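Chain by chain, the residues run as shown.
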Amino acid sequence: MSDSTPASATAEAGVGPALEGGAGPEPGVLRRLLRRPSGVVGCGLVALLVVVGVAAPWLAPRDPFAIDGPSLSPPSGRYPMGTDAFGRDLFSGIVFGARTSLLLTVLTSALVLVIGVAVGTLAGYRGGRVDDACMRVAEFFLVLPRFFLAIVVVALYGPGVERIGLVFGFTAWALLARVVRAEVLSLREREFVEAARAGGSGGWRIVVREILPNALPAALVYLGLLLGQVLLLEASLGFLGLSDPTAMSWGFLAGQAQPFLRVAWWMAVFPGAAILATVLGLNLTADALTEALGRRS
Amino acid sequence: MSGRYLAWRLFLVVPTVAGILVVGFVLVHLAPGDPVQALAGEHGDAEYYAFMRARFGLDQPLLAQFATFAANLLTGDFGRSFIQGRPAFDLVAERLPATLLLISASLALASVVGIALGIVAGSRPGGVRDLAVSGTTLALYAAPVFWIGQLVILLVAVPVGWLPVQGMTSPGSTSTGLAHALDVGRHLLLPALVLASQEVAAIARLTRTGLATELASDHVRTARAKGVAEWQVVGRHALRRALLPVVTVVGGRTGHLVAGTVVIETVFGWPGLGRLLVTSVGSGDRPVLLAIFAVAALAVVVVNLVTDLVYVRLDPRIRYR
Amino acid sequence: MGLSAKGDSAVRGRIGRVVVLAAAVAFVAAACSSTEETSSSSTVAGGEGPRGGTLVAATDADPGQFNPAITTSGSVHTGAELIYNGLVELDEAQQPVPELAESWEVLEDGARYRFHLVEGVLWHDGTPFTSADVKFTFEEALLQYHSRTKSSLSGVLDRIETPDERTVEFVFNQPYAPLLQQLNVTEAPIIPKHIYEGTDIPNNDDANLRPVGTGPFVFESYTPGSEVTFTANLNYFKEGLPLLDRVVLRIIPEDANQVASLESGDIQWAFNVPGVEARRLDGSDEIDLLRTGNNPGGANCIMTVSYNLDRPVLADVRVRRAIALGLDQQRFLDNVLFGQGAVAEAPIHSGIPFAHDPDVAMPGYDPEEAGRLLDAAGWGRDGGGTRTSRGVPGVPDGTPLSIDFLYFPTFNDYAQLAAAELAEIGVDLRIGDTALERDPFVQRVFVDRDFDTNVISYCNGTDPEIGVRRMYVSSNINTNPFSNAAAYRNPDIDRLFDEARAEVDTAARTDLYRQISDILVEDLPYYWLVETTNVRGYRTSCSGFGPAGHFAEAASCS
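Chain order of the listed sequences is L, U and X. Position 28 of the first sequence, counting from 1, maps to 28 under this note's numbering, and the rest follow consecutively. Position 129 of the second sequence, counting from 1, maps to 129 under this note's numbering, and the rest follow consecutively. Position 34 of the third sequence, counting from 1, maps to 34 under this note's numbering, and the rest follow consecutively.
Any given hint could turn out to be false.
[Said to hold, decoys possible] Stretch by stretch, here's where chain L covers chain U in the computed footprint (C-beta under 8 Å, at least three residues): (1) 23–29; (2) 130–142; (3) 162–172; (4) 269–275.
Just so you know, these hints were derived from the structure itself, not from any lab. None of the values given here were measured: they were computed from a predicted structure. Every residue, glycine too, gets a C-beta built ideally from N, C-alpha and C.
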């Protein structure tokens, strides 16, 4: 219950007992979320990422790969975040980097959700041997050293944002599966489920209609923290020089900056700040969501 | 918690690590490229490569290679480094102490600083100090660890001057004993601090929350009513319970610490396993790569196990099947 | 410098040819050194400068072990070459000067070399050095494990004779001219027979980690990943050397950190000063720079783009020429090398002046002309996007002009700049999945031939026979790394290279290489971007450095 949580400090070291109330996510959650300052800031930052990422081609003043600026020039009116050794505009690079980050988070979320929910539901609903097997597999994936795997995969098979997403997606579903399984276990015997069963609804319909929506908030919390991890990992890989040079990503920019650290501070500062802001947003949202769901015990 | 459970968990360590190694081995050996180039350099001819390939068993089918690998593992033999020609195990053993030193120093620093900050924040929840600490820790937690390292170098080390930013010892130093320890300590300070910054956030926030909760609980209220001094209330009654989750968080974050170590060793030139990993991966030095992989896997598995056991020990509410 | 043993002519004439040829090469090579700009200090026996002190030097790779006779790894050599010697040393002009061999004779037109070894040389453990060590090193180490030696000598070296303890003779089964270029401490370091005899040399960890040599410095200690320390060899056979008491080789993987340490005075010599820092340090009072064309991989290196001539897309010389016209060499020099190096003005490096023709008609930078050529070749576009084919033989209509570009990850700056520049003329250069480390790179380029273009640092060496010929002759299209990557087949070129190899008269050779260069810039099987330079840095309080190998042999610090 305690292994590699992408822990926010406010969540308990495992995401264990179920919510009170079993009729789906309460409509007041969003409101409660936004009433807290952490929720507002968090959601705001995440929304900023989404907006910038989606609107990148229109927001960026130049093609981030265009090499027509002055080499290594500090922030100025024309180039608000400076240029790199080839004269590429860093501001455009950051904007398109948001897009890459967005893609990465979507890919990872999709994988983690699909696999995690599938396995967790299967384990919780079936129980017994199936449950055992699923949880053993999950435990194994929990223990795999994720960063090492990512380095090995990227360095030996080639860089690529999708590859990072795949590595993360295939290794990080385990905790989510546990969360979902816990929800399923606790709700399986609930009255409304009995009632639904008595009313003739099939097993899977119950899962989808009644159980999953309850697991969703906890899943979102977990996901928010996890996605922060993915972005930090992508940044680290970029710093180590393992980034895809055709995908303008923040990690790639961070890697480019390293040889010029003392000569062009802006190349290192701005990508780092962008990552900081985004991960902060994700963490804050996850925290606020946790509090809004009344999980503090 | 039963001894049988303990035995079962201990028993599981071996197959888990083995499973991880299989994954690693397959990944490494399925990667494109002929490993003999890394082994033999680029100036040989076809005959030379065939000779080297046969010598190192690289012309065997994958399963045979894995069998040899597994058999050798049992004797602690990871093969010889392609690049350095020495046993991979030796290379890893040489670098391990530096990395262990860095990680322990970081954890120690993070615990001390984190708990201290957590107390400061949690003893008066909602106050100014609480917000300040929470804000800082949140930012630290969200920042890429290499970035913090770079900023520290630019903003702290370069202006201050006497804090070294490279290596574990002063160049050419022949000091021993206390002088040597001090030298290492001076070099350890910045990397350990930067690596600790991530953990500080987690620990501080957990301590804060736990403390705040405990301070609001009944028996603390009772103690206060009885007139027990505030510091005793905080120290004796509340803190012990509040520290429980810290243990588990530290254990659970081993994976991230390991990742952070790789990056920090690169930024500060710390001669540990992280640097060795990066160079091995770049040069295609498969035996060393797998040896490091094994060490990392073992570390994570063992730490997880220990953390689980400690947690169960400390909190009797949790039961395992 | 190879001679083919064809026919018979007067023995004197044959010897004369070898000697004249060697002298000719020495003359023209000495007329222009391979260092390009500021001071270079030579290794002078009986050095000048204050004695004593410790030099702290920085390198970026951990040696791992100290036996340079069994590997060509640059990091091992950097760490080990202070400990050993070769039979000869190569001076600034890449010409052999005495080291362990105080004199030599070339006999039988280059089929037999006799070396007379210096008297009284001792190994660091006091054992006398003899010719048996030379024979042992070659037979048991170099010819077994050192890839360059093995591939170049094993076919032609018949045996090594040691008539007495101070004489060693190399006997070849045909005249072999380049031998003297291959006997310095980098190519053929001599290791001690009395330590390695009877052992499994590559696996002899004890000896490989506690090396005993004859060189200017004695191994003291090694902390893996951190540093290597050496002390002066008080019995060194070169009079008056070394001057320093101790050398510390510090491993600093990040080049920028090396420069920072150099500036703060923590170290006094840095092997790897990056271009952008070199530019900044040029006017510095405290730090001097030493530029050299020497790499661990060779001398006189040109960053060269190869075209895979077997691909239909690149079969048309107009396409190849257009790509060349679309690449701005000056920009590579400015933004990738930061001025440390030179634009390649000819296919053969300017460090081989008798073969380098500065007036040859290189394509230059002309994107408009590039566009016109591509249009004429059937690659058209509306607007600014990627071009598509219309009537290009071997390519279906409507195919986008998209080619891949393979490169070592350390050359990723070249890839990025090339991709950006070629995008402007409508060529989509794919660089995403093509950053390959050595194994997969060599596999794809030379074994599978699965690439469109790539960039390679082709080192020409000190004579075109060493590193130029292998790129262009049709007989060298094979799976060996860094052979004829383009798969260029031109019988005229083959013939001209053969003639140039056999030719003795330098003026005639110059003319032949000029003809070769003219054909090459017409055919463009490759495109030559920039000549690269390694920059070393050192504090002005120290002097007497060499560019590599025995870099600290005659160094001193005040």
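Structure-based check of each hint:
1. For the region 23–29 of chain U, the proposed coverage by chain L is satisfied: 4 residues have a C-beta within less than 8 Å of a C-beta in that chain, meeting the threshold of three.
2. With 5 residues bearing a CB less than 8 Å from a CB of chain L, the region 130–142 of chain U meets the requirement of three and the coverage assertion stands.
3. Requiring three or more residues with a Cβ within less than 8 Å of a Cβ of chain L, the coverage given for the region 162–172 of chain U is violated, as only 0 such residues are present.
4. Given a C-beta distance limit of less than 8 Å, the hint that chain L covers the region 269–275 of chain U is violated, as 0 residues qualify and 3 are needed.
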